[in-house]
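In numbering that gives the first Met the number 0, the protein residues as written are 0 to 133.
Hints listed in this document are in silico derivations from the structure and should not be mistaken for laboratory results. All clues given are correct.
Here are the in silico distance ranges between beta carbons for each label pair:
1) Ala69 / Ser39: 19 to 29 Å
2) Asp113 / Arg57: 30 to 40 Å
3) Ser58 / Glu82: 14 to 24 Å
4) Ala11 / Phe95: 18 to 28 Å
5) Gly109 / Gly86: 19 to 29 Å
6) Lys128 / Ser7: 18 to 28 Å
7) Thr116 / Lys59: 33 to 43 Å
8) Gly109 / Gln129: 25 to 35 Å
In this text, a Cβ means the ideal position worked out from N, Cα and C, and glycines have one as well.
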Amino acid sequence: MANLLKLSEATALALHTMVIISKQDDPISAAPMAKQLSASEAHVFKVLQQLVRAGLLRSKRGPNGGYVLARAAEEITLMDVYEVFEGAMRKDGCLFSTSVCGELDCILGGLVKDVRTKVVEHFSSTTLKQAGRK
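Produce the complete structure using the sequences and hints provided.
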């Protein structure tokens with residue numbers, strides 16, 4: 000199926016929760032993030048657990064528990080988070096899983112490759128700290 004950018008709901012939740020967590024001084028639990036993002040608390044919890052397993056978050060138990068970044072916000076990029084859920088981002092210029100027409104004869108010209116290149120550059124160079132300021 001044609002796909003310009005693979006971005007599941009879990010990935011979108013992960014990107015947003017990581018920025019929310021990066022702005023916190025204290026651990027934050029799944030519930031307030033789920034409310035802020037109008038998402039299911041169970042879904043947010045599953046996303047956060049995957050981020051813990053990937054080593055991007057640490058979880059703290061107890062009455063003052065919640066989630067904190069495993070590294071500084073300026074050391075984690077959007078691409079680090081994206082790749083936990085989607086794997087490596089495509090950089091080629093075809094919408095199909097295998098090239099149909101070859102990039103030189105593509106009916107979209109270089110648009111797909113240009114868009115993907117721009118997204119890769121943005122995700123790779125934008126840290127959680129930078130994303131939290133926007």
